[in-house]
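Protein chains in written order, with this note's numbering: chain H, 35 to 203; chain P, 8 to 169.
Simulated from the structure, these hints should not be mistaken for lab results. The reader is advised that the hints may include incorrect statements.
Unchecked claim - Chain P is nowhere near these chain H residues, computed Cβ spacing over 10 Å in every case: (1) Ile51; (2) Val54; (3) Trp64; (4) Arg100; (5) Pro127; (6) Arg170; (7) Glu172; (8) Met179; (9) Asp192.
Claimed, not checked - The calculated lysine-lysine pairs, modelled on BS3-like cross-linking and capped at a C-alpha distance of 25 Å, are: (10) Lys114(H) with Lys166(P); (11) Lys114(H) with Lys151(P); (12) Lys94(P) with Lys151(P); (13) Lys17(P) with Lys94(P); (14) Lys9(P) with Lys86(P); (15) Lys57(P) with Lys112(P).
Ideal Cβ positions, reconstructed from N, Cα and C, are used throughout, including at glycine.
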Amino acid sequence: MGLEAKLTQDGFITTTIDSVIAWARKSSVWPMPMGISCCAIEMIAAADPKYDISRFGSEVMRFSPRQSDLMIVAGTVTYKMAHVVRRIYDQMPDPKWVIAMGACTSTGGMYRSYSVVQGIDQFLPVDIYTAGCPPRPENLLNALMAIQDKISKTRARDFQDKIPSEFSK
Amino acid sequence: MKDLIIQKIKERFADSVIEFSDFRNDLSVLLKKEAIHDVALFLRDDADLKCDMCKDATAIDWARRKNRFTVVYHIYSFKNNIELRLKADLDESDLNTVSLVSVWKSAEWYERETFDMYGINYVNHPDLRRIYLPEEFEYYPLRKDFPLLGIPGSLPLPKSEN
Numbered sequence: 035m036g037l038e039a040k041l042t043q044d045g046f047i048t049t050t051i052d053s054v055i056a057w058a059r060k061s062s063v064w065p066m067p068m069g070i071s072c073c074a075i076e077m078i079a080a081a082d083p084k085y086d087i088s089r090f091g092s093e094v095m096r097f098s099p100r101q102s103d104l105m106i107v108a109g110t111v112t113y114k115m116a117h118v119v120r121r122i123y124d125q126m127p128d129p130k131w132v133i134a135m136g137a138c139t140s141t142g143g144m145y146r147s148y149s150v151v152q153g154i155d156q157f158l159p160v161d162i163y164t165a166g167c168p169p170r171p172e173n174l175l176n177a178l179m180a181i182q183d184k185i186s187k188t189r190a191r192d193f194q195d196k197i198p199s200e201f202s203k
Numbered sequence: 008m009k010d011l012i013i014q015k016i017k018e019r020f021a022d023s024v025i026e027f028s029d030f031r032n033d034l035s036v037l038l039k040k041e042a043i044h045d046v047a048l049f050l051r052d053d054a055d056l057k058c059d060m061c062k063d064a065t066a067i068d069w070a071r072r073k074n075r076f077t078v079v080y081h082i083y084s085f086k087n088n089i090e091l092r093l094k095a096d097l098d099e100s101d102l103n104t105v106s107l108v109s110v111w112k113s114a115e116w117y118e119r120e121t122f123d124m125y126g127i128n129y130v131n132h133p134d135l136r137r138i139y140l141p142e143e144f145e146y147y148p149l150r151k152d153f154p155l156l157g158i159p160g161s162l163p164l165p166k167s168e169n
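Chain H extracted, bound-state conformation (with noise of 0.2 Å):
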């Protein structure tokens, strides 16, 4: 690798603390796999061997809130739903990012319905909408890339000091 081959020579090498935590926070993402419905089952084929999201370091997909970065909202969130996919964002620690994956999460898809959100940007901040029904797990990881060069602008600045939204109620 080139990395070593410098370290080598010099034994060091000179950059930012911003751009290393970007790196390092973007190299890292845990997912906190909201699966709610089938797009989950392509979620889950993300992760294996043939499309492998560990190759984006993405692979730790955590089933507790603490420990992740980044909610993928994979399926239709209902009403009812809302309440508990906002409450698990909540308890997220800063920073985080969501990524509505499939064309239900986005607008409701066609469940054109009484019962179900048209959209969960109707209480959350989403980051990144991803097409298909379900998207293929292409797609996920293509939307991954996005949160990966959105997380690399990202300055470690922008997110001090800031109140967990848990706290703030």
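Given chain H's structure and the hints, the job is docking chain P onto it.
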């Protein structure tokens, strides 16, 4: 077997039966709503019929018909391997009908669902609360006059902070 069922019901409940229908081999009995409990008990306990399972209970909204609603029970006999529907018409002005939970325990949640979706009031039901929708919800979503996308604001969303 169907002839036996029809004959037995006709013998005992001649005044309560409005009609029998046998559509595509599915036998239904339309009853007066006052009689549905007695008929159900009879069908369950009769030694030849033994309709010992209630597979489903639901309702139909006919929108503009005079008797707007029909309550339907799907019952089944393990002994004879035969399915049968009990129906009773309700008018919009009086949505009370007697609960069949005392006959088939399995009807409890089906009746709660029907109450949730159509607003039919099952008298003597042990626990008639909404089963799917929030308890403070004021509408009955499977009625024909309920809009497809619901009433805006009738179901609460979590507050968005950002």
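We went through each hint and held it up to the structure:
1. Ile51: holds (26 Å)
2. Val54: Val54(H) clear of chain P: closest Cβ-Cβ about 27 Å, beyond 10 Å.
3. Trp64: holds (21 Å)
4. Arg100: holds (19 Å)
5. Pro127: About 15 Å separates Pro127(H) from the closest Cβ of chain P, which puts it past 10 Å; holds.
6. Arg170: holds (29 Å)
7. Glu172: Non-interface label on Glu172(H) holds, nearest chain P Cβ at 30 Å vs cutoff 10 Å.
8. Met179: holds (24 Å)
9. Asp192: holds (14 Å)
10. Lys114(H) with Lys166(P): holds (13 Å)
11. Lys114(H) with Lys151(P): The given pair, whose Cα atoms are some 23 Å apart, holds under the 25 Å limit.
12. Lys94(P) with Lys151(P): holds (19 Å)
13. Lys17(P) with Lys94(P): holds (15 Å)
14. Lys9(P) with Lys86(P): holds (13 Å)
15. Lys57(P) with Lys112(P): holds (15 Å)
Hint check: no violations occur; every hint is consistent with the structure.
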